Amino acid sequence: MRFRSFEFIVGAGLTGAMVLAVVLADVVFEAGAEAMDLAMRLAVPFRSWAHPLGTDPLGRDVLARVVSGGRVSLTVGVLSVLSAAVVGTGAGLVAGYYRGVWDTVLMRWADVQLALPFILVALTFAAILGTDMWKLILFMAVAQWVQYARVVRSATMVLRERDFVVSAVAVGVRDPVIIWRHILPNAAAPVLVLMTLNVATNILLESSLTFLGLGIDPMVPSWGGMLADGRTYLQTAWWVSVFPGLAIMLTVLGLNLLGDWLRDSTDPTTRSVS
Amino acid sequence: MAEVGRFLLRRLGLSVFVVLVVTLLVAWAIRLSGDPAMMLAEGAGSVTEQDLRNIRAALGLDRPFWAQYGGFVGGMLTGDMGRSFMGGLPVARMVGQALPLTVMLAFLSLGVSLLVSVPLGVTAAVRRGGWVDQVIRVVSLVGLSFPNFWLAIMLVLVFSIALGWLPPSGTEGGVGLVMPVATMAVILSATNVRLVRSAMLEVLGAQYVTVARSKGLRETVVLYKHALRNCAIPLITFIGLQFGGLIGGVVVVERVFNWPGMGSLAFDAVASRDYPVLQAVVTVLAGMIVAVNLLVDVVYGLVDPRVRGQ
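From first to last, the protein sequence lines stand for chains A and B. Each residue of the first sequence is one higher than the one before, starting from 1 at the first, in the numbering used here. Each residue of the second sequence is one higher than the one before, starting from 1001 at the first, in the numbering used here.
If you are wondering where the hints come from, they were derived from the structure by calculation, not from laboratory data. Computed from a prediction, not measured in an experiment: that's the story for all the values here. The beta-carbon is built from N, C-alpha and C at its ideal position, and this holds for glycine as well. Please note that a few of the clues may not be correct.
[Stated by the list, open to error] Covered by chain B, per the in silico footprint, the following chain A stretches (three or more residues, Cβ under 8 Å):
1) 140-147
2) 198-207
3) 229-240
With the rest of the complex left out, here is chain A (with noise of 0.2 Å):
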């Protein structure tokens, strides 16, 4: 592990500072994202202690709405990746583990699921789920576990074979505790940094599904629903619709820089090339 790299520090101080606003956002925006200055519309940004980040046509604080919609653009990212995680890398596990009839079907089954495309899948689901947050994450979830499943899968067939795991059946180690004690930690790393990258694009995801008005519910402060707002009055406010989109690049490229970090310093044969 290089601390001192620059994906790293840039990666992480990216990431953390995103995260610290999103939690302190209650005690910092006392008047809270949904409060309108009504003598205060449509302020613009860099003039004023009030409204650094300007106003919206309602007199709304965009950078109290943007660190509220970040508060969304995580909790999605990171729930749908965990809950896509856990299942994937159980599922991954015991495939890999046992082989097998379940093993064939799930290999098939992630074939299947990886060659549809997403977006014209995730078009009709939103139709029916509506704008929800719950039912994004979980329909994230199911659309990306088979991801994890793969991963898991392919290290856990490789580690099964090592020395260390032939000797502990050999002493009479039970499954469960040879799963979780020695393959799991070693097949953790690529499924951190999976979950890292995914993370980021799940956050992209979001975005677009919210502007397209499939995502988050348009009446909650988020990032893609800002930037659909935003466009209406494009001509008079540019700041509405431009830092809500800062706001996404500057955490996506922290998540994606802290990833790459973790894929370098972990994988030892794209240390050479990147």
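Mind docking chain B on chain A? Use the hints.
This is chain B only, laid out in the frame that chain A set:
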């Protein structure tokens, strides 16, 4: 050759199965999302339950699900996509108008992106570790970090509103294409630069590159004729596998620029519960994506014997 035949057959089977699963999911989901009879009756004032039943019967929605789905699949196989619930136009004609616009956008973007990303990727690989490489890497990572629709909005802000150079939407002449293509090309290039760079790094250390250099060939000839050619297959593979993402991106970008392609058709169909149109759009796009993936797999499998056995 029997081995190759089995490989082709299995891939083909999987592709057909995937398209069937997608159409089935979509047909099932859109029927849960709302009743088109209500949508059609909305403007008509007072509507009785009997009226709604009549509309459903006229649209064929009183039949059981499997009969409806079977009829749709049968129609697709014979080239008859039915008629739109909204307006009664033949779906085949609507798709026929929208598909070329989407395909044009997708391929122009891909072409522009390759023109940009191949030289940049090669340069980054040659100058590996230097400051040029670092700048290209960071810029490409930034390019992967924002949603395409935001870039589209920012381009409209700068080139339509601030500078007034380009129309914010529309398909008239060639100018309407500039911003949609630029948006897609930037996003695609961010990925492609990284692909070209890592593919080039794999081959730059090879002996034939050293031989070519020691023969005294010019560096551009070595790089573009000897090295780049040898990483063409992995590159084509990766770019082919991204085709689904490319189509997904186009679908979203079309929305920002009011580009009347398949994406716009699909969104309108979802909003108005126009089952035949949505099913046709999804089937055609999914079929294209799966066909490209199949082609890539087959080409790769035929060229590289290591892949066949898996």
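Evaluated hints:
{"no.": "1", "hint": "140-147", "verdict": "violated (count 0)"}
{"no.": "2", "hint": "198-207", "verdict": "holds (count 3)"}
{"no.": "3", "hint": "229-240", "verdict": "holds (count 5)"}
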